[in-house]
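Given the structure of chain V, go ahead and fit chain Z onto it with the hints provided.
Protein chains: 2
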Amino acid sequence: MAQIPSPVSRRSLLKLIGTVAGSAVMYDTMLAMGYAAQSDFSGPVKLSGDIKGASVLVLGAGIAGMTSAYELRKAGYKVQVLEYNNRPGGRNWSLYGGDTYTELGGATQQVKFDKGLYFNPGPWRIPFHHQGLLHYCRQLNVPLEVFTQSNDNAYVHSTSAFDGKPQRIGAVAADVDGYVAELLAKANSQSKLDGALTGDEKDALLQILRSWGALDKNYEYKKSDAGSARRGFDVYPGGGLSPRQVPSEPLPMQQLFKSGLWRAARSGGSPLFQPVGGMGVIGKTFGKALDGLIKYNCKVINIHQDDKGVTVTYIDSRKGGAPQTARADWCVCTIPATILGQIPMNIGAPMRNAIFSLSYTASVKVGLQFKRRFWEDDEQIYGGISHTDLPISTIGYPSTGYMKGGAGVLLGAYVVGKDVNSFGLETLPATEMVKVAVDQGSRIHPQYRQEFQNGVAVAWHRVPWTLGCAAEWTEENRAKNYDNICALDGRIVLAGEHCSFITGWQEGSVLSALDSIKRLHKRVVSA
Amino acid sequence: MAQIPSPVSRRSLLKLIGTVAGSAVMYDTMLAMGYAAQSDFSGPVKLSGDIKGASVLVLGAGIAGMTSAYELRKAGYKVQVLEYNNRPGGRNWSLYGGDTYTELGGATQQVKFDKGLYFNPGPWRIPFHHQGLLHYCRQLNVPLEVFTQSNDNAYVHSTSAFDGKPQRIGAVAADVDGYVAELLAKANSQSKLDGALTGDEKDALLQILRSWGALDKNYEYKKSDAGSARRGFDVYPGGGLSPRQVPSEPLPMQQLFKSGLWRAARSGGSPLFQPVGGMGVIGKTFGKALDGLIKYNCKVINIHQDDKGVTVTYIDSRKGGAPQTARADWCVCTIPATILGQIPMNIGAPMRNAIFSLSYTASVKVGLQFKRRFWEDDEQIYGGISHTDLPISTIGYPSTGYMKGGAGVLLGAYVVGKDVNSFGLETLPATEMVKVAVDQGSRIHPQYRQEFQNGVAVAWHRVPWTLGCAAEWTEENRAKNYDNICALDGRIVLAGEHCSFITGWQEGSVLSALDSIKRLHKRVVSA
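Just so you know, the sequences run in chain order V and Z. Residues 10 to 536 in our numbering are what the first sequence lists, from first letter to last. Residues 10 to 536 in our numbering are what the second sequence lists, from first letter to last.
This is chain V alone, in the form it adopts within the complex (with noise of 0.2 Å):
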C-alpha cells in the first residue's frame, strides 16, 4: 500500500527507472517511497459557522470516512456512518492469530500467529511529516513506536549478482560511494572539470569525495580501515588481547555497476513511526471513539441525492435480507473507486466519468510466522528492509520486540503494480503463495525451512471490498478527471487516498478528507 508514492513524484521516478536496466528497477521502486510521501497538513480543522442543524451520511469507516465522521460530529452535525465490514479501520487493518479472513471467491484463511504477534496486510508505517494522520493518533493516544527503515544491515539480493548471494546494504552503499566518489576525483584532479568548476572549487569538491568516500591518499577507494569502518571489517574491533582488526575487501566494482545492486546506497534517513500492537490499532481507537455513529456489516448498493438530502439503500452484507435506507442533507462518500463504480448514483458525468477512470494498483502481501527470531539472533538484523529481485519482492522485518527472543512474524513478501504479475497471483490461492514466500525467502535466509511455522497472504485485487490497493492516476487522467473526483456533486462529495496527491498512504486519506469537508460545510455555511 504504501509503498506508492504521489503520482507526479511517481511519474518522475517512474520515468527514471524506465531507462535502468533489469532488477534495478524494483530497488529504485522500493527506496524512491521513502521520499514520495510528504504531507501538506497545517494543523488542526476549524469548522465554524451556523450549521443549521445539518445532518451527513458517511459512507465507509476508513480512515477517511472516519475522520470526516469526527470533525463533522465536532461541527456539531448530525453524523451517521455505514461501514461493509464489521470492523472499523478499512485497510487500516491488521490480522492476529484467531482472526480469519475471506477473500472474493470465498476463499477462508485462519490466522496462527501465536498471540502478540500480529500482520498489516495494509499500510505498515508512519513518515514522521504525515503531520495529519499523527494529528489524529495523538487526539486518540494510539501509542507509537520507532518503525524501522533503513537497516545497513539488511540485504539486497540480486539473484544475478555476486552468484546470488545476498549483501548487506551497509556494504553495496559504502561501495558505490567509493567507487563514485573516486572516478569523480580522477576526473577532477585530471582537470576534467575544468569547464564546470572554479580551482577553489575543485580543491573542495576533492575534499568532500576523500572523505565521504573513504578514498586514500591517492583518492583511491581500496581495502582500508576508513572503508571498513563503513562497508564492515572482516574482523572487528575487540577488548584486550583479542585478535586485531582486518579490514574487508570491496566488492569489483564492475560488477557493483551491474548488480543493480546500487541503488541501495541512497535511503532515507527520516524517522518514521507505528502504532503499538499493529498499525489497525489506529483504527480501532478511531471507531471507539466513534462509538454509535458506525453500523457495521452494511453494504450500500444505492445512492440517490434530491433537493433537500441524499438517500443510501444498503443490505446487511453478511445476512443479506430485506434492503434498508438511511438519509441525510449530505454524503461523504468514501468507498473506494472500484467499489463505487458499480454502485447506481445519480452523479453528473464529470464525477462518474473520473471515478470510472481510475484504476487501482494490485499489491501482495504476505506475513509469515517463524519459530524463533533468527533475522535478530543470527545475522543481527533488527528492523528494516531487505529487497530482492526474487518475485517476493521484499522482506520486511518487524520493528517490535527486539531482542525478546520467541517467535516473530515478518513481511515475507510485499509486490506492488505489475509485479505482482510477475508473481503468478492471477492462478494462486493464499496457501501457495505462503509457500512461494517461504521458498524464495529461504534463499536469502536458509533458516525459514526449519523456523517456518505458519503465514497468511492478502492479495489487494481479491479484497472483496477494495478489489485493488490504492488508486493509481497517470498524469494525463490526473489533468483530465482530478478535479472532478474532489468537486462536491450536489449534496454528495467523495474523499479518501484516491482523492488526494498522496495515494497509497494513509495521509492522503486524512487530507482528502479535511479538504472535502471543509467544501462540504463552507456550502453547508453559505446556503
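Think of the hints as simulated: they come from the structure by calculation, not from any bench.
If several chains are the same, the list does not tell them apart, and a pair holds so long as it fits within one copy or across any two.
Computed cross-link-like contacts, DSS-like style, restricted to lysine-lysine with a CA-CA straight-line distance of at most 25 Å:
| hint | residue 1 | residue 2 |
| --- | --- | --- |
| 1 | K55 | K413 |
| 2 | K195 | K211 |
| 3 | K267 | K211 |
| 4 | K231 | K211 |
| 5 | K413 | K83 |
| 6 | K267 | K226 |
| 7 | K195 | K267 |
| 8 | K297 | K413 |
| 9 | K527 | K55 |
| 10 | K380 | K124 |
| 11 | K527 | K297 |
Below, chain Z without anything else, positioned relative to chain V:
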C-alpha cells in the same frame, strides 16, 4: 563519550579530516562515529574447569567491573567489588530530577528536571552491533527502545554559510548527491572517464547517477519534483483541491561545496538502541543483579600483590575514616588510568609505563529542559542530531516520549577533544556552561529563549572518579603499550574501555572485561 572511534579508524579519519578546511571538520568527526564502533563479540563467555576455590577482587563497578564480577561469580569464584561512587554504573549514568552531582573542586549541581525526564552525561546510545553490551541487556531484562540517530529533518548549521541559516540535513544531502552526480555524469558523457571505464560500465554509471542524484533528462540537477521528493517541497502534496505541490530550489552549488555542510550527506542507516528510562538503567540493573557483592563509597588508596594474593587498601570516599583492606587471590582492576596512575601499586614497568602513557579525552555534555518540545511541535524533529560549527557542536533530541507534549530534555551541547578548549571550559563553571548552551542553541532554535527552564552540565575532565571522558590511544602508543596494559601482571589484570580497541564505548568495556577474565581464568585453572 561514544563519539570516539577506535584509534586505528580514528587515525585514518583524522588524516582525512586534517586536510579539510574550516567548519567541515566537526561534521566529519561527528558523523564518522557512526561507523567506527563495531564489535567482535562472539557469544557468551564460557569459563569451565577447576578454579580451586579462587577468589577475585574487582575494583570498580562500572560496566567492565560488573561484567567481570557477573561472569566470575557464575564460574564459581568468590567475588567482591569495591566502588568509589555510591551507585553502580560508572560512566553509565543518567541524571534525574532530585539528583545532585559534585565535580572536582566541590561545585555541586542540583538537577531540576521534571519527573520522567533524564539526561545521560556519559554514553547515550547502543549501536546494534554492540552485541556484547546487548547480550547483558538481554540477560538483565533491560527494556530497550530505538535510539534515533539519523534524522534528515534535523539541521546542519554553519555560522559562515547560507547567512547562518540552519539547513535541513536531508536537503543538504539531496543537493550534494545531485551536484556530485551531475558533475560525474558530465565527465562521463564527455568521454573523460574512458581510461577508467568500459562503454558498458559508463552506461551503467550514467543510470546510477541519474537516479541517485535525481538528475533531469540532460543529467543536470535542477529544481524538480524528483529532487524535491528528497529535499522537500515549497508546497507539499495534499488532498482534494488543496494547493498543488511546488518543488523547491536546490542550494547553490558553489556555496554548498564551500559551506562544509556537505558532510551531512552520509549518515549511517543502522539501528541503535537505548534503555527505556535512561542509559543508567543498565548500570542500576547490573548493580541489583550483583546485590551484596558491591561495596560502595570505597576509595582505593593502595594495591599490593604478593605470591599468594592481592591486598587492596581503601577508605570510605564520603566520610574518610581509617583505611580498611580487602584481599583476594586475584584482582581485576577497572579503575581508569587517570586515577590508577595516582594509586601506589606494585606492578612491573611495562604495565606501569602503559598506564602513565595514556591520556584521556576531554568532553562536555549539557542537558537542557524546556517547557515544551518545540523541536517536535514546531519543527517536526523527532530524535536525531543537529550539527553546528558553534562551540556547542551538537544538539541531540530525545528518542523517547515522541509527540506526548509537555516538557522535554535535550542534549544542548556535546563537545569532545580539542573542541572542549574552544568552548572555554577551562574557566567556565557549570552554570555558565548551561548559559552558553542556551545562548548558542538559540541561534538554531530561537524558541530556546522563551522555553528554557533549567539545565545541568558535566565536564568529564572535572569528574572526580575519571578525570576525563575516555582513553585516547595514538597508533604509536598503541604499538608500544597496548599489549602491556592488557597483559596480566602477576595476580593483577586491568580491564575497561581503555583496554580495548573500542575506546569511548561501553562495548569496549564489556569486551575488555571478557578478554581479561578469560586470560585470568586460564591462568587459574592451569596453575
